[in-house]
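A.B. asks: As a plain string of letters, each chain reads:
There are 2 protein chains.
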Amino acid sequence: MAKDKKKKPQRPKAVNPRGFRDYFGAKVTARGQMLRTITDIYHQYGFDPLESPAVETVEALGKFLPDVDRPNEGVFAWQDEDESWMALRYDMTAPLARVYAQHRNDLPTPYRRYAVGPVWRNEKPGPGRYRQFYQCDADTVGTPTVAADAEMCAMLSDVLEAVGIERGGYIVRVNNRKVLNGVMEVAGLGGPDQESARGIVLRAIDKLDRLGEDGVRALLGEGRKDASGDFTNGAGLGAEQAEIVMGFVSALRDDNAATTARLSELVAGSAIGMSGVQELETIAEAVAAQGYGTDRVLVDPSVVRGLGYYTGPVYEAELTHEILDEKGRVRQFGSVAGGGRYDDLVKRFIGQEVPATGVSLGVDRLLAALVAQDRIATDTTGPVVVTVMDKGRVADYQAMVGELRTAGIRAELYLGNPKDMGRQLKYADQRNAPVAVIQGSDEAERGAIQLKDLALGAGLAANITTNEEWKAQPAQMEVARTDLVAEVRAMIARREG
Amino acid sequence: MAKDKKKKPQRPKAVNPRGFRDYFGAKVTARGQMLRTITDIYHQYGFDPLESPAVETVEALGKFLPDVDRPNEGVFAWQDEDESWMALRYDMTAPLARVYAQHRNDLPTPYRRYAVGPVWRNEKPGPGRYRQFYQCDADTVGTPTVAADAEMCAMLSDVLEAVGIERGGYIVRVNNRKVLNGVMEVAGLGGPDQESARGIVLRAIDKLDRLGEDGVRALLGEGRKDASGDFTNGAGLGAEQAEIVMGFVSALRDDNAATTARLSELVAGSAIGMSGVQELETIAEAVAAQGYGTDRVLVDPSVVRGLGYYTGPVYEAELTHEILDEKGRVRQFGSVAGGGRYDDLVKRFIGQEVPATGVSLGVDRLLAALVAQDRIATDTTGPVVVTVMDKGRVADYQAMVGELRTAGIRAELYLGNPKDMGRQLKYADQRNAPVAVIQGSDEAERGAIQLKDLALGAGLAANITTNEEWKAQPAQMEVARTDLVAEVRAMIARREG
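Protein chains in written order, with this note's numbering: chain A, 267 to 763; chain B, 267 to 763.
Treat each hint with caution, since some may be false.
Remember, identical chains collapse to one label, so a pair may be satisfied in a single copy or spanning two.
[To be verified] Simulated crosslink set (BS3-like; lysine-lysine; CA at most 25 Å straight-line):
| # | residue 1 | residue 2 |
| --- | --- | --- |
| 1 | Lys473 | Lys491 |
| 2 | Lys390 | Lys473 |
| 3 | Lys593 | Lys692 |
| 4 | Lys613 | Lys279 |
| 5 | Lys685 | Lys613 |
| 6 | Lys473 | Lys279 |
By construction, these hints were calculated from the structure, which means they are not laboratory data. As the structure is a computational prediction, the values presented were derived from the model and not from experiment.
Sequences and hints are given; from them, build the entire structure.
C.D. replies: Shown next, in the form of structure tokens:
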């Protein structure tokens, strides 16, 4: 017993687990508002919401490591009582494949669904890298037609304009994995024994942005020594082969027709390549028929991200406004959404290929861009705060709060220790309250209240230099108790007007 | 190699983990709409949103088992790379306590926050019992005044009316743990060595609903044998002691003042008991001053749920409409929200008592009640479906879809295999589409389209008995291509009108 008593209970630390964070107030509201605007567009396009649980079997996620009976380290996983492994979803696509396989007899085909929510990655957290973040996806499952892909591109354009990005401030670029496959064939890299070379080519062109054409050329050939002296082995392509690959990533021309014509030249003789070019032509025609010009949706073979994952059309939405990167260099804001066609995800479950295409939005990146461009409010007006001058009259104050709320005005009673008014007004300021209501026994006797315009007060404090100016300002005024609602409303209107 | 090839890869099962489920379409929309209505009221009352991550340290959740270095089985938990335990939150209150302790220097005090989202329980799933479900909480942290509790009761009332429950169809009941403590004192159960007896009393009165007064009386005394012959030990109270406890749970009178007067008699002589009665009086006055009668907020000592957990006022919102239970007996729908005052949750972290009070809504139960009462739409109108008669003219069809969307009409192109029109119309029906648009080459030549009123068609099919009646109905009509938007809009309006 004595031993037990000595053991001082240690207090738990009030911290998030590494890589997790809390969101407060206006940040929650702003994200919710943005997501509602986005899903309204998804809905307008005929997509229906799906909410699958955060938890999936590791088996369904396809995250078992080969040859070992435990999940990939990239997911947060644990064992259920019956020893089966469960994990938090790491994206919205794997759950969609499971849902479609499970419910396909009850779902319409094609199945259009959107999904919004957090996903979890068991990765090393770092600056700006969190282990829980939002995704906002739309996918069409069960159709091979590239009309579905064209629609995704148009929808991305509509979504970006709906949330407030101006036309010209973004571009949706489209490419096609099949064209790259055709390029590989033409370059003599199509054989089954050349998978590793194709992998190196994919990784090389994926670095186009960072290394430029010369860097990629080196990686396509013998290899490349970087600034630190490290050497990366190349794909070992000859000059002519490398030229074909480089021709692909630099095939962008003045208009979509010229670009696809150039791609046709490059993949002439490859059936898969020509099929890819035709798909791009179809997409270009479809979006043009709906009035989306190349200032909005552009066939651009330099889009290489996702080419290793998707099986057909690949699309990416970029914001084109310039920002300074961490080294102070001017660059474009870059990608906020991407997607493409994947034909094999549902096959894992049912053994049958189910063609599908979809888009995923980088919610946090897009929100950051909107905040930086002042397209979304990040401070919300706080409630009107009714202060407590006289502890015995709390019911009266609460009645004032009730009147304000009934009139649709956000309001609250100060619920902290009412011992001094300064503390109450400081609280009201901290809440970003537009107005504080004050009623001492004097005012109560003559049926009056004091209204303090907190926004005006704060603004004036910055500009006023003399006491006379201060006194002349209407930052605080006495009004009749019966006019509470009307006067508070007028004061808020003056602030917002 | 030969061995490897023989090993047929097993397909993953397309199933949810036990106790988890998917939500589709209108069910997702309806819940989102209900939650928005609720959080709008929370916001109106001055509460700010907080979104904490799904994952907390097990330490912060307070879910380590005593004397063993692993978490309580009730939470889903796993170890991070550094061996520390993480878990999914099982409610919204434990994360709030962590957040307040962590950020208290930057947060206003009192801190009013609301939180909406899923929580996870590692419990045995059963019929209607899931391991992930929604909570929608509002709490005020950092104030001891029962004005905060009164506000919770008023807010619950407002919330229920806002989502569509009629006045009279619900009641918010209030009780107070301190009054029960006073009752225990008066009954001679207040001593430190009588904790176990107090526990039995708490559990006994918690069964009032199920066992009735006689059953509870038995449990307060020697014990009770149930129908199966099992015997439950009682608290061993004498008749007089039991009478005092029973007096508490049956103290409900005609109005709040009469009830608190009766409670005063019961706890006379107990300081803690009288303090609890005064709190109930203050709450009753505060809600009355704001116009909430006892038809909405009622002091009711028979509310015993939560009395073991909370430290002061306890409140519960019940829907009073009658339903049939699983055995076909008529009973009230019952509780959809509950809450109360808890003064010790933050203390775990900072060693200092931080008084707080809050309410938690049973989202799924409330939604079920609203659906049963037809207060919320559970079928949504599908998109207008533009069908594909002629595969070569997909771009034309897509342009029609574009026009409809631009006009604000939810619309989509049929993206499945267009080989027969029957399949397309079946799809449109399955999507609950109001209108199908059809244009073959004949119609295209004369600048026309066919509109099929699918709702009317479905409705007519049920009522029509002769072919003549069928032909006379305008379930399908030809209109000019240029009138697409106007005619579709008119057809939808006729449906909804």
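A.B. asks: Each hint: holds or not?
C.D. replies: Verification of the hints:
1. Taking the shortest Cα distances, Lys473 and Lys491 sit within 25 Å of each other inside one copy (14 Å), while across copies they are farther apart (76 Å).
2. Taking CA atoms no more than 25 Å apart as the test, Lys390 paired with Lys473 passes inside one copy only; the shortest distance there is 22 Å, against 50 Å between copies.
3. In the homo-oligomer, the alpha carbons of Lys593 and Lys692 never lie at most 25 Å apart, since the shortest distance is 40 Å inside one protomer and 58 Å across protomers.
4. For the homomeric pair Lys613 and Lys279, the shortest alpha-carbon distance between copies (12 Å) is at most 25 Å, but the shortest distance inside one copy (46 Å) is not.
5. Taking the shortest alpha-carbon separations for Lys685 and Lys613, only the inter-copy value of 24 Å comes in at or below 25 Å, while the best intra-copy value is 68 Å.
6. In this assembly of identical chains, Lys473 and Lys279 lie within 25 Å of each other by CA distance neither inside one copy nor across copies; the values are 42 Å within and 38 Å between.
In this structure, the earlier hints numbered 3 and 6 are contradicted, and the remaining ones agree with it.
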